[in-house]
Structures are given as C-alpha cells and as structure tokens.
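Asks: Below, each chain spelled out in residue letters.
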Amino acid sequence: MSDLLRRKVGVVACSGEEIAEGSVTRLAALRVLGYLRPDDTVTICLPLFLAGGEGDRQFARVYPTIAVDGCEKRCAARAAERYSGKPAASVVVDEIVAQAGIHGVAGRRQLNAAGQQAVKATAERIALLVDEILGNAGDHHTAALETPAPDEGLQAEGETTCSCGSGIPVQNVLIGGEMVTFIALPLIMQQFRAAAKVPDANTARELLDTARIYTAVPDGADEAYASALLRVYTAFCEGQEATA
Amino acid sequence: MSEPTQCVLIVPCSGIGKPFGTVSREAAYEVVEDLRPNQTHLVALSRLVMGDVEARTAVATCPAITLDGCKLACATKMVRECGGSVMRGFAVLDVYRRHRDLKPHGIARLNDGGLKLAHALATEVTAVVDSLVAPSCPAEIKGNSHV
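As given, the protein sequences belong to chains A and B, one line each in that order. Here the first sequence is numbered in the working numbering, starting from 1147 and rising by one per residue. Here the second sequence is numbered in the working numbering, starting from 4 and rising by one per residue.
Treat the hints with care, since some could be wrong.
Stated by the list, open to error - Cut-off 30 Å, straight-line C-alpha distance, at most; resulting in silico cross-link-like pairs (BS3-like, lysine-lysine): (1) A/Lys1219 x B/Lys106; (2) A/Lys1154 x A/Lys1266; (3) A/Lys1154 x B/Lys80; (4) A/Lys1266 x B/Lys106; (5) A/Lys1266 x A/Lys1232; (6) B/Lys119 x A/Lys1219; (7) B/Lys119 x A/Lys1232; (8) B/Lys119 x A/Lys1266.
Hints were generated in silico from the structure; no laboratory data involved.
Can you build the whole structure from these sequences, using the hints too?
Replies: In structure tokens:
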C-alpha cells in the first residue's frame, strides 16, 4: 500500500492548560502516539488549525480523527469539525473518569495518582477507538497496555512539525449536481487497479469505504456516492487499458 | 509605556510533539503558581482557538505574555487573532540559545536541563510581569523557585 494511503488516525488533544483534565488529554495522547499505537496514529496540534494555515487543515482532512477533550466545552472536537471534518470519534476525560470510577483528578502541572489513572484509562479508550476505526481489533496484545509508556518517541528535535498534506492528489466528482472533492481518490483507484479489482457493485462498496476515510460522506448519500465512484473507477480502468 | 495593569495573562504553547512545548508550559505554571500567583493568570490556547467568550474577553482586556514552543508561534498568533495585546512574545528556542547548557529532553516529563530552562524562561517572564503590573498590586512571592 502507498505510504500516503497508510491508514492512520489523527489524535487531537485539547491540552487545556488551565485544568488537570487538560493535562490528562495531553499525556493520554502522548501515550497512544508514542507507545500504544505509534504506527497507527499521528498528532494534530489544535492551534495549528488556525496558526498553521491551510496546509495543516489539509493534513487533518486526510486522516480520520479522534478528538480528546478535558471538559464539556469540547474545544478539540469542535475545532476538528470546524476546520477539517467531523471527528471519527470523540472522548471526554470527565466521562471516562466517571465511568472508570476514578475520583479526585487534580494537578494540572503534576498530576496526582488519580490523574495518572485517568491518563491510562483515557489512553486505553483512545487505542480501542483507533482499532475500531482502522479495523484492527485484536491486532494488539492487551498486555502491552500494562507496560509504562516511554517518555520520548514522538519527534526528534529539528524535525518539521506537521510536515504533511501538500501534494496529496484530489479528484472532483459530480454527484447529484454537486461537485465533490475526494482527497487521495487517484491513489485509491491506482491501488484498486493494482489489486485487479473489477468495476462492479462490490468494488463500488469497497471504494466508498476507502474513500470515506479521507472524505466525509453525508448521511444517506452512500448509494449516490458509491454509484459515482463506480462510474469514475470504470472510466479510470478503461483509460488504463487504452494506454496499456 | 502603557498604564500599569492589575493582571497579566500568560499564554503558553499547546504543542505535544516536542520538549520545547513542554518547557513553555512548565515555565507558565511556574510563573502563575509560584512566582507571581497574584498578578498573573493562565489562559489555555484551546479556549482561544474556539472563541470561548470568557477567554477572549480576558485577552481583550488584559495584557498578555505568550510563550511559544516553535517558530509557528501559535500562542502569539492566537492572542493577536483574538484582539489581544502581546506585551512580550517569548520563543523557547531563543531562551535555549542563551542557555545552551540546558538542553531539554522529554515531553511528558522534562529532564533536569528542561526544568532549568523552564525556570530561566519563567524568570524572564516574571521580569516582564513586574514591569507591567501596577505598584499597588499585592506583594508578590519573590525568590521562589522549584528547580
């Protein structure tokens, strides 16, 4: 599979510095990114949605995202939805803490024991959501969750932050009178063609499932989108055969 | 010079990918919790990003000092985007250039060098706070360091 199309999940932590739960989101995201699911996740820095410009928003659009919020304000979820697309999943530390029966999370600067428990519970929830989104359930040994996370491991000093997005091919497709831009569709079709997938109803469904990882499909529009993708893929295959 | 103020906002970077972001947060916490708790207030960048009314009002009415972890300077940009006045924007990398012996390591937990670098930054921030706050402000805690 193309590296570009390697399925990853973007983790957007609110990182709210004013409250302990904000620190929990940051440390839980680090645990997932650096240890629990390092090959399946990338981080998306919340302020970069604005400060980083379109390139960072494009980066976020290419990956399904999990928003991790410390409180009911849900800044991360709302920012992801506003600037890239609706998150594939959303977690709130307050809710996880309540469900796990953890009491007394405190210490925005240095989390107390309950805060550390909250980090672990939140990280495990995020990891499970990553598996669900990527269809990797069962691929990771749960015992790994018990091992302390390494402190380092995200980026070496000097690496470019969020070097991403630019150059990702898109394709416009007319669906129901509206032009829809599919991110990475040319690469998806190349991949399908290389796998000798013939243009039929089953392939249309697979195309839709893959395309929706990178491009939002409105509720109730699956049939129209699948039909349009099949039409485009059929033309793509015919073009490939003609030039062969 | 502008009129003395009663409170200064401290807005650190929210980055989670590099030690410099952690240094900015640690320095911010040291200022608002240890060094100048009565004159400073921490504002989370995420609240500004989403246009939280309370955070934006605070930024619009109080001078701010921003602490950025990288050249993208998200904290400084966001405060200005919200109509705030950045009285001084600190870049952790600039502070590190002045303290080459304090190389930060660790994101979730800073090494000793990182903590000392944060303390050096916090000291510089405190000096700016002192130049901004009104003389009638409550006596601040002086000479209080944790490193």
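Asks: Holds or violated: A/Lys1154 and A/Lys1266, Cα atoms, limit 30 Å.
Replies: holds, 21 Å
Asks: Is A/Lys1219 within 30 Å of B/Lys106, Cα to Cα?
Replies: It is violated: about 36 Å lies between the C-alpha atoms, which goes past 30 Å.
Asks: Please work out if B/Lys119 and A/Lys1266 have their alpha carbons no farther apart than 30 Å.
Replies: holds, 28 Å
Asks: What's the verdict on B/Lys119 and A/Lys1219, does the C-alpha distance respect the 30 Å limit or exceed it?
Replies: At roughly 34 Å apart (the allowed maximum being 30 Å), A/Lys1219 and B/Lys119 break the hint.
Asks: Would you check the hint for B/Lys119 and A/Lys1232, treating anything up to 30 Å between C-alpha atoms as holding?
Replies: violated, 40 Å
Asks: Please work out if A/Lys1266 and A/Lys1232 have their alpha carbons no farther apart than 30 Å.
Replies: holds, 25 Å
Asks: Sort out whether B/Lys80 lies within 30 Å of A/Lys1154, counting only the CA atoms.
Replies: holds, 29 Å
Asks: For the pair we were handed, A/Lys1266 and B/Lys106, check the Cα-Cα distance against 30 Å.
Replies: holds, 29 Å
Comparing the model with each earlier hint shows violations of hints 1, 6 and 7; every other hint is respected.
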